[in-house]
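Under my numbering, think of the first position of the sequence shown as 322, with each following residue one higher.
Any given hint could turn out to be false.
[Unchecked claim] Quick list of in silico lysine-lysine cross-link-like pairs, BS3-like style, CA-CA up to 27 Å:
{"id": "1", "residue 1": "Lys394", "residue 2": "Lys418"}
{"id": "2", "residue 1": "Lys481", "residue 2": "Lys400"}
{"id": "3", "residue 1": "Lys428", "residue 2": "Lys499"}
{"id": "4", "residue 1": "Lys428", "residue 2": "Lys409"}
{"id": "5", "residue 1": "Lys362", "residue 2": "Lys499"}
{"id": "6", "residue 1": "Lys362", "residue 2": "Lys409"}
{"id": "7", "residue 1": "Lys506", "residue 2": "Lys442"}
{"id": "8", "residue 1": "Lys481", "residue 2": "Lys418"}
{"id": "9", "residue 1": "Lys481", "residue 2": "Lys362"}
{"id": "10", "residue 1": "Lys400", "residue 2": "Lys428"}
{"id": "11", "residue 1": "Lys511", "residue 2": "Lys386"}
{"id": "12", "residue 1": "Lys361", "residue 2": "Lys481"}
{"id": "13", "residue 1": "Lys511", "residue 2": "Lys400"}
{"id": "14", "residue 1": "Lys511", "residue 2": "Lys418"}
{"id": "15", "residue 1": "Lys400", "residue 2": "Lys361"}
{"id": "16", "residue 1": "Lys386", "residue 2": "Lys409"}
{"id": "17", "residue 1": "Lys361", "residue 2": "Lys428"}
{"id": "18", "residue 1": "Lys386", "residue 2": "Lys506"}
{"id": "19", "residue 1": "Lys493", "residue 2": "Lys400"}
{"id": "20", "residue 1": "Lys434", "residue 2": "Lys418"}
{"id": "21", "residue 1": "Lys345", "residue 2": "Lys361"}
{"id": "22", "residue 1": "Lys418", "residue 2": "Lys428"}
{"id": "23", "residue 1": "Lys400", "residue 2": "Lys434"}
{"id": "24", "residue 1": "Lys481", "residue 2": "Lys502"}
{"id": "25", "residue 1": "Lys394", "residue 2": "Lys481"}
{"id": "26", "residue 1": "Lys442", "residue 2": "Lys409"}
[Stated by the list, open to error] Label-pair restraints from in silico Cβ distances:
{"id": "27", "residue 1": "Glu340", "residue 2": "Thr412", "range": "36 to 46 Å"}
{"id": "28", "residue 1": "Lys506", "residue 2": "Glu333", "range": "34 to 44 Å"}
{"id": "29", "residue 1": "Val469", "residue 2": "Ser390", "range": "11 to 21 Å"}
{"id": "30", "residue 1": "Ser422", "residue 2": "Asn470", "range": "19 to 29 Å"}
{"id": "31", "residue 1": "Phe359", "residue 2": "Asp399", "range": "32 to 42 Å"}
{"id": "32", "residue 1": "Glu494", "residue 2": "Pro352", "range": "30 to 40 Å"}
{"id": "33", "residue 1": "Ile355", "residue 2": "Leu507", "range": "24 to 34 Å"}
{"id": "34", "residue 1": "Gly505", "residue 2": "Gln484", "range": "19 to 29 Å"}
{"id": "35", "residue 1": "Gly383", "residue 2": "Gly468", "range": "14 to 24 Å"}
{"id": "36", "residue 1": "Ile355", "residue 2": "Asn437", "range": "13 to 23 Å"}
{"id": "37", "residue 1": "Lys400", "residue 2": "Glu340", "range": "29 to 39 Å"}
{"id": "38", "residue 1": "Arg337", "residue 2": "Ser447", "range": "15 to 25 Å"}
{"id": "39", "residue 1": "Asp405", "residue 2": "Asn349", "range": "40 to 50 Å"}
{"id": "40", "residue 1": "Pro512", "residue 2": "Glu333", "range": "18 to 28 Å"}
Don't read these hints as lab results, they were simulated from the structure. Because the structure is a prediction, the values reported are computed rather than measured. Backbone N, C-alpha and C fix where the C-beta goes; we use that ideal spot for every residue, glycine too.
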Amino acid sequence: MQLFDLFKFSKEIEIRDGEITLMKTPINIVPTSILSEFQKKLIDSIGFEEAYNLIYNNSKTGSKKYNDSFIQKHRFEDKRRILDWQIKIVTLAGWGKLEISYVDLTKNELIIKYSNSPFAKEYSRSNYPVCIIPAGFTAGGVTANFGVNIDAVETMCMAKGDQFCQIELGPKEFIENKKNKVWGKLGLLKP
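Construct all of the structure, not just a fragment, from the sequences and the given hints.
Here is the structure:
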């Protein structure tokens, strides 16, 4: 059974009267170019770090709320099963083909590979990692799944010329160290 058919079968997606809900959460189908241009203009207006924090934190908060509801509704408990569903949902939503490259449940660390990111493709060439929204919603989803605060940083990005986008997740201090290394090399840290 195809994933879309599975959602329809389980009544997880509802489309009626101009409204779409996925697992009781209102969603929209928005052209990737709108999100891409919005992010570019925000970065141009207020700077990379401030725009990053705003976009990332709001994406993380919204995703955690959505995933908490999803996990509770289905009474999921197995972290690997939840990760499998989360990957299917993000893939269905059009954010690219996701794969788990690395997972260590004892350390709460993951590496997610987006092998075909429409967002990075639409964004075009960039000197910085552009998948801020996916990093935020991935962190929110994993936070809901693991039951502890997880952060994320994109360490590879197709918009920078990498073969794929890679988001690394883990405890805050671990990710802050990774972010400082990546952003430092790219000259994105404020002096």
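Outcome of the hint check:
| no. | hint | verdict |
| --- | --- | --- |
| 1 | Lys394 - Lys418 | holds (25 Å) |
| 2 | Lys481 - Lys400 | violated (32 Å) |
| 3 | Lys428 - Lys499 | holds (15 Å) |
| 4 | Lys428 - Lys409 | holds (24 Å) |
| 5 | Lys362 - Lys499 | holds (26 Å) |
| 6 | Lys362 - Lys409 | violated (30 Å) |
| 7 | Lys506 - Lys442 | holds (22 Å) |
| 8 | Lys481 - Lys418 | holds (18 Å) |
| 9 | Lys481 - Lys362 | holds (18 Å) |
| 10 | Lys400 - Lys428 | holds (13 Å) |
| 11 | Lys511 - Lys386 | violated (31 Å) |
| 12 | Lys361 - Lys481 | holds (14 Å) |
| 13 | Lys511 - Lys400 | violated (37 Å) |
| 14 | Lys511 - Lys418 | violated (33 Å) |
| 15 | Lys400 - Lys361 | violated (35 Å) |
| 16 | Lys386 - Lys409 | holds (18 Å) |
| 17 | Lys361 - Lys428 | violated (34 Å) |
| 18 | Lys386 - Lys506 | violated (33 Å) |
| 19 | Lys493 - Lys400 | holds (19 Å) |
| 20 | Lys434 - Lys418 | holds (8 Å) |
| 21 | Lys345 - Lys361 | violated (31 Å) |
| 22 | Lys418 - Lys428 | holds (25 Å) |
| 23 | Lys400 - Lys434 | holds (18 Å) |
| 24 | Lys481 - Lys502 | holds (16 Å) |
| 25 | Lys394 - Lys481 | violated (39 Å) |
| 26 | Lys442 - Lys409 | holds (21 Å) |
| 27 | Glu340 - Thr412: 36 to 46 Å | violated (23 Å) |
| 28 | Lys506 - Glu333: 34 to 44 Å | holds (41 Å) |
| 29 | Val469 - Ser390: 11 to 21 Å | holds (18 Å) |
| 30 | Ser422 - Asn470: 19 to 29 Å | holds (22 Å) |
| 31 | Phe359 - Asp399: 32 to 42 Å | holds (36 Å) |
| 32 | Glu494 - Pro352: 30 to 40 Å | holds (37 Å) |
| 33 | Ile355 - Leu507: 24 to 34 Å | holds (26 Å) |
| 34 | Gly505 - Gln484: 19 to 29 Å | holds (22 Å) |
| 35 | Gly383 - Gly468: 14 to 24 Å | holds (18 Å) |
| 36 | Ile355 - Asn437: 13 to 23 Å | holds (20 Å) |
| 37 | Lys400 - Glu340: 29 to 39 Å | holds (32 Å) |
| 38 | Arg337 - Ser447: 15 to 25 Å | violated (39 Å) |
| 39 | Asp405 - Asn349: 40 to 50 Å | violated (25 Å) |
| 40 | Pro512 - Glu333: 18 to 28 Å | violated (48 Å) |
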